[in-house]
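Trainee: Chain by chain, the residues:
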Amino acid sequence: MFEKLMDAIVNIREKEALEITQTLIDGNENVIKILDNCTAAIARVGKRFEAGEYFLPELLMSGEILKKISEMVKPKLEREVVSKKLGKVLIGTVKGDIHDIGKNIVSFLLDIHGFEVHDIGIDISPGKFVEEIKDFQPQVVGLSGLLTLAYDSMKNTIQAIEESGLRNSVKIMIGGGQMSEKISNYAGADAYGKDAMQGVTLVKKWIGVD
Amino acid sequence: MSGTMREIIHLSSETLLIDWNLILKKIGVSGNKDHIKIINDIFRTAKEKFLESCNPTGIISDITIEEFDAVYRGEGKNESLTPLTAIFRRADNLALYIVTLGNVLSQMITDLIKSNSITMAHMMDIIASEVTEIVADSIQNYYIKKLSEKDLINERTRVLRYSPGYCGWHISAQKKIFKHVRPEEIGISLNDGFIMDPLKSSSGVMISGPGEIHNFKNNFIFCQKCETHNCRERIKAGTLN
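Residue numbers (the numbering used here), protein chains in the order written: chain A, 1 to 210; chain B, 1 to 241.
Bound-form chain A, shown alone:
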């Protein structure tokens, strides 16, 4: 049954995946085991994406299935289990830029991969990033920006994080339409995620999740 559930998720058969989940719930199957299998399925989807067999729609659709399954099993989960996350990621679009679809996709994927994501929105000043890092205490900070004007904004944000003495407590990744390794170096980030899935891979690597 679990293998069938995984197969349905990996091959984006939402209706079937939800039906199997309902059968498992009705049969009093351990919900943690259900979620673990879903997570393993999502990891398989991620591998297919990295291998170029799948594209972003498959990643997102499998994530949507997992979200729905999570909602189905929620009533059976104890509160402390629900809140147990792999690590904390703070993400936002830097000052001067208001594009957010890429940031939202990364947030969504990090969430379904088990991370606690604090999305602080768009057009975020360096000072606000510093303030939010102090409050949320993430292990990873994601800076998003689509436009070329975001280059300097990212650099200023990282500089502000450094000046506040928080730089060594966080890993910083950047991403967005015009970003690159070169811009990552220019801004002083730790890495550049060329796509949403690579963002997830970086966070997993830095937090030590295989």
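These are computed hints drawn from the structure, not numbers from a lab.
Keep in mind it's a predicted model, so treat the numbers as computed, not measured.
Beta carbons: idealized from backbone N, C-alpha and C, even for Gly.
You may find that some hints are simply not true.
For the chain B half of the interface with chain A, some residues (derived, Cβ under 8 angstroms), not all of them [unchecked claim]:
#, residue
1, Ile27
2, Gly28
3, Ile39
4, Asn103
5, Val104
6, Met108
7, Ala121
8, His122
9, Asp125
10, Gly193
Start from chain A and add chain B according to the hints.
Mentor: Using the frame of chain A, we list chain B on its own:
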């Protein structure tokens, strides 16, 4: 032309020349896997929702070289050397333009994200980005037609668009473009960071002149940071009239 024409152009989404297969490819849908049908179904819905909600509108406003010089300088934040400085001074005609797909579409994408329909939101966002450029192309064609009617183009003329935020032209120049074009009338506003709302909008200048004025080498300092270098394709594929 000499700074006298300003025109609002309403387009129908049905008449835009949209290459849906190309958009589908950009979204990343290919192959013969079983689930492709499901993705295609979502795309079909995204396409329908898009066509229902988008309201493609543009404004063109012609401008003299002297007037544009002030618009171009904007807030004084351009790079010291840019290709556009040499291009616009040799132009035969210039017009500022702003196009948008409207507010309803932007709100729909935001609402889809909020309701966790992220696949649909992603598809609609890509469609909208592509179509914004198609709307700008349509407005450019309209401008070319106007120039042609006035006998202001010949076989050597090429028209290309340039936008603030690219090639050393600082985005803060949007402020003066807005002052000249007054797009508030079609529901477009500018935020403190000089970004337009609705997001799926585009602005800039259309420059008409002999083809050779558009040629430049991509060895400016800011070209080193540029990842796309799509100016090369634009120059090569520039509209020949």
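Trainee: Does each hint hold? Answer for all of them.
Mentor: Consistency of the hints with the structure:
{"no.": "1", "hint": "Ile27", "result": "holds (6 angstroms)"}
{"no.": "2", "hint": "Gly28", "result": "holds (3 angstroms)"}
{"no.": "3", "hint": "Ile39", "result": "holds (5 angstroms)"}
{"no.": "4", "hint": "Asn103", "result": "violated (14 angstroms)"}
{"no.": "5", "hint": "Val104", "result": "violated (17 angstroms)"}
{"no.": "6", "hint": "Met108", "result": "violated (13 angstroms)"}
{"no.": "7", "hint": "Ala121", "result": "holds (7 angstroms)"}
{"no.": "8", "hint": "His122", "result": "holds (6 angstroms)"}
{"no.": "9", "hint": "Asp125", "result": "holds (4 angstroms)"}
{"no.": "10", "hint": "Gly193", "result": "holds (4 angstroms)"}
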